[in-house]
Amino acid sequence: MEKWLRMYSTKLRTKGVTLFIILGIIILLLPLLLKSPYQMHLIIMLCINIVLGMSFAMLFSTGLITIGAAAFWAIGAYASAVLVMNLNLSFWLALPLASIITGMIAFMLGSIIVRAPGVAFVVQTMVINMIVVQALGQMEFLGGWGGILDIPRPNPIVSIKFVSKTHYYYLILFLLLLTVVVFYALYSSRIGRAWRSIRLNPRLAQTLGINLFRYRLLAFIIASMSAGLVGSFYAHYFGTIEPNTFSVFKSIYIQIYGILGGLNFYLMGPTIGSLMMTLVPEFLRVGKEIEPILTGGILILLVIFLPGGILSLPERMGSLATAFLSRIKRKESLH
Amino acid sequence: MTLDLFTQLLVNGLATGMVYVLIASGLILVLGVARIFNFAHGEFYMLGAYTTFGLCQVLKVNFFISIISATLVVALFAAICYRLVFHHIRGNLLLCAAASMGLSMMFERGALIGFGTQERGLPSAFFGVMTIGNVAMPVEKMAVILLCVAIMLGLYYLLMKTKLGKAMRAVKLDTEVAALQGINTMRVYALAMAVGCSLAGLAGGIIAPLFSITPGMGHAMLLKCFMVLIVGGLESMLGGVVGGLVIGMTLSFGYYFLGGLSEILLFGIIGVILVFKPGGLFGEMVEDV
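So the sequence lines, in the order shown, correspond to chains A and B. Under my numbering, think of the first position of the first sequence as 1, with each following residue one higher. Under my numbering, think of the first position of the second sequence as 1001, with each following residue one higher.
One chain only, chain B, in its complex shape (with noise of 0.2 Å):
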């Protein structure tokens, strides 16, 4: 194996392994401190996509700016979702995933009848080759590494460094006595499913250009994105991080080496780590239902 094609692989499996990363993350932010197990998470990434396509292509407006403004729209939009269903049955875990299963299946068929079943693509807004060395990269892919990097120490720095952060981390720990220290709960739920779901429309707008837009495609990476709390863990955002890289390597190395058994690699993989850890890598097991 050379150099180039190593190095091609490598930056193809870091490129879908750090989107996995992105909407995994949300998904554990979500499940973490609103404690909505979010089965609605794959059509906020779609909503995400078909925004920036929708004002990037019709619009023609900048890509980095559709980008923000369609992670703006779905959060607005992840918010009303809260305040409207989940707020209700906030604390129950069983009946909050039933309400998301609820909102996907309107979703994705909203989504069905409203922009069709055909396929969508926005032309990328990074060109060209970049070469390191004797070694040939696409700066769309590279592009796509930074930003999601970019996107995760933001992240990082919202949930350590400021006072909403620690508010979440609060409310993750321990709900009442959270709301004793004089945290609004409410407020934070609210915030943690927008912040949440915002990451996964980020996600969507940044693989745009990379991918076919269609409705069904929050569906798919959901399911993807579930491997990725297998292989992690459902507690912890590091865990989504190691998770989201090894199914995003394990997919691109396979498809190489073994074509389309790298799918059989990735479920032995899984069961591998579900028989020796099975709360995940970074997961601990938890009692509650």
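Okay, chain A solo, but in the shape it has when bound (with noise of 0.2 Å):
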């Protein structure tokens, strides 16, 4: 029986690893299987958001809800866009620096509201959105409302000149892939035990010797620079930006990404819902006037039916059969 068992494990992990290699493929020939623009911007702007997810995710790890990742998807595309326009820097060097800046506001912010967890950082994150939203629209020198216009496209570097939509997926993606290994080495770390045990119990963690406050701080500095990059890519990306883009709804959105998903799997939980979120309302060819009452349904039938997220599908489809089958026996004891 164990012997059995190891082998259908290295079985399994074989599988594993050759889907992996697959998909691995896939995602980066992706270009040549799609030949229309308009696929290339639903894979790129569901690369940013699958990052902006897992943001979230990362300050759930810790126990807190933010409601403001946009804020912070805001502030690196507009430094960004000042860096390169205003002090005519290479969009390679405004890239990291855009992400240290962003980091710098949230550490500044983050000591203010990190403070009071639960309902209250909820309420505060939000608030601090809109205020951003607000302040970018009545900096006149930031352009308003109207935003900034014609944000030039990346230098290029060596040979490629980022012309096509192909250049900016092999970018994104490959900014994904940092978030994801940075991402991945910081929850196996102790950083990241600790963080789990702040989202377990927060009481007990503190009785360990984990100081709350400066291991939620550094969560919601990583997570708003992860954002901030991501944010300076777009502002490239798309070559305009303008205030209303990173308004409070893009925040609940990045939120319904990571509850969708699965809200314990901090790495493929964001993947799996922004997937959803993006690609369902395109394949449905719902029209835009119905697409918020699609979503909000979706999302209140989730909440109800599969609380865990899609990724906990597997594991409770398991329970229920459990529970079916304990059934089946009982009755079957009884006769």
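Honestly, the hints are just simulated from the structure, not real lab data. Note that CB positions come from ideal geometry on N, CA and C, so glycine has one too. One thing to keep in mind: the hints can contain errors.
Stated by the list, open to error - Distance ranges between label pairs, derived from CB positions:
(1) B:1054 to A:108: 47 to 55 Å
(2) A:305 to B:1113: 21 to 29 Å
(3) B:1136 to A:100: 55 to 63 Å
Said to hold, decoys possible - Some chain B residues close to chain A (C-beta under 10 Å, calculated; not the full set):
(4) 1098
(5) 1271
(6) 1274
Said to hold, decoys possible - Partner residues aside, some chain A positions facing chain B, computed with beta carbon under 7 Å:
(7) 115
(8) 127
(9) 259
(10) 293
(11) 300
(12) 304
Given two chains presented individually in distinct reference frames, assemble the corresponding complex, making use of the accompanying hints.
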């Protein structure tokens, strides 16, 4: 029995590795498969959404729920646009700098708001998002409510000139991979374990010598930095940015990505969630008019019937199957 | 600054502030008793305004009767929403918040499709200007203030003097112990949701003659109410009252003296309060997610 089990598990593992490799090849060769620029645009936006969803999940892993992820996305985008257009920096310098600036702003804001967890944090991040949108709209030198237009493309490196969507796709793929690797390293390190223990029981974590404030602040800064990084990419990819793109609605959507995929899966959850949210309305071909109704309906149904998210489906099926089997067995024993 | 101008600004601030107080106290009631952070609260406010408009303007019912029936309609609607959605996930704050966001999206878009984007308005039920001494005040605003104060006193009576209010306070303190004392917690949850949301509906009806009615009005109002909650704290009704008045006054006086910058002033005040009291003026820091 044990031998069989071991054999089965190695078989499964090789199967998993094969699947992983095939998936990787498909993702790498996606520009060859998709011909229309619109589909490429969807995929690029999907990658941005995945990173934003992951930043939400990182804060959730410390027990904080944010509705302000879009604010840091906005800060990254505006910082990068200003650095490139007003200070004439190269895009490749502005990309990390925008991320660092976002991190610094997150440090200042975070040291004020991270102290109040729970519902207060939800409301405060939401209000920060509103403040950022309002402030960006009021500032005339940032273009006001019209936003910044004609943001230059990334400077060419070697022979890559960033003219087609394919080039942008490989760039965002690299950023996504970078985020995944950094986040995975953090989650599997001492810091990630501390975060998880804070989420499970803050008081107990505190008695074990974990400084709640510092660890939560760290998560807040890193999550914001990743949002700022894709914000910088978004500004130069899309060419124009305006304050209303980064409204609270976007933050709520980002939160839905996390909940939809499954909040216990910090990396896979947002991926599956944003995949669903981006591609399902596209496949259903519903009008933009009734899309929020559909999204809201899906969200409510999912929250009621599958509270663990889509990724908890196998587990839930398993538990349902066990319950069903035990019921059959009980019936049999009664006869 | 003349006395006349000061009184005008004061009355304006009080009128908008008291409306914020009404909506925010409903939000606090739902959050405290039913443990639902209700993102759809603004949509109930919008629904109240539209129901009042429909009864008053289309069916030509008396303004007060239409406000009262709009409140009842919203209360019934909220109870149905509670039974269909929140009942299954009660106690889980995050899931309830997510579900209410879904409801909010559905309602707002539903209203947009159903009622159209055009702005609607009601003729005022009160006319004229009241003069006390040599200070002129619009009767309409005074009526809003008085109505809101009366409703808040009624809410105080409901929570402090009646058996239902006692049950609500008990459930807010500790659900399980309250259930042990023989309180039907499920019913209290549903009633708290109905009462809290009907307050929003009532505010929508009262505000209908003052502002224009649009499908997006609920969203804008909800964001203002979140600021009220930050200023006042999430736990107590007193916090809601103080927060609502602070925000109303800041906006009223700020618009006169600073114009468009008054929003920034508001954010500054909120920032200062957050630095010194992270849980709001009347709130405590709570460690629960």
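Under 7 Å, Cβ to Cβ, is where residue 127 (chain A) needs to be relative to chain B, so tell me if that hint holds or is violated.
-> 6 Å, holds
Identify whether the interface hint at residue 259 (chain A) stands, where standing means a beta carbon of chain B within less than 7 Å of its own.
-> 5 Å, holds
Have a go at the residue 300 (chain A) hint: is there a Cβ in chain B nearer than 7 Å to its own Cβ?
-> Holds - the Cβ of residue 300 (chain A) comes within 7 Å of chain B, reaching about 4 Å at its closest.
Under the criterion of a CB-CB separation shorter than 10 Å, is residue 1098 (chain B) in contact with chain A as hinted?
-> Cβ of residue 1098 (chain B) sits 5 Å from chain A, so the hint holds.
Satisfaction of the residue 115 (chain A) interface hint, Cβ to chain B closer than 7 Å | Hint holds; residue 115 (chain A) Cβ to chain B Cβ min 5 Å, cut 7 Å.
How does the Cβ-Cβ distance of residue 1054 (chain B) and residue 108 (chain A) compare with 47 to 55 Å: does it lie in that range?
-> 48 Å, holds
Please test the hint of 55 to 63 Å on the beta carbon pair from residue 1136 (chain B) and residue 100 (chain A).
-> 57 Å, holds
Residue hint residue 1274 (chain B), partner chain A, criterion CB-CB below 10 Å | 6 Å, holds
Tell me if residue 1271 (chain B) is really an interface residue toward chain A, meaning its C-beta lies closer than 10 Å to one of theirs.
-> Since the shortest Cβ distance to chain A is 7 Å, the answer is holds.
Can we keep the residue 304 (chain A) interface hint, with Cβ of chain B closer than 7 Å?
-> 5 Å, holds
CB-CB spacing for residue 1113 (chain B) and residue 305 (chain A) relative to the 21 to 29 Å hint = 26 Å, holds
Restraint check, 7 Å cut-off on beta carbons, for residue 293 (chain A) near chain B | Constraint on residue 293 (chain A) satisfied, holds at 5 Å.
Every hint from the earlier list agrees with this structure, and none is contradicted.
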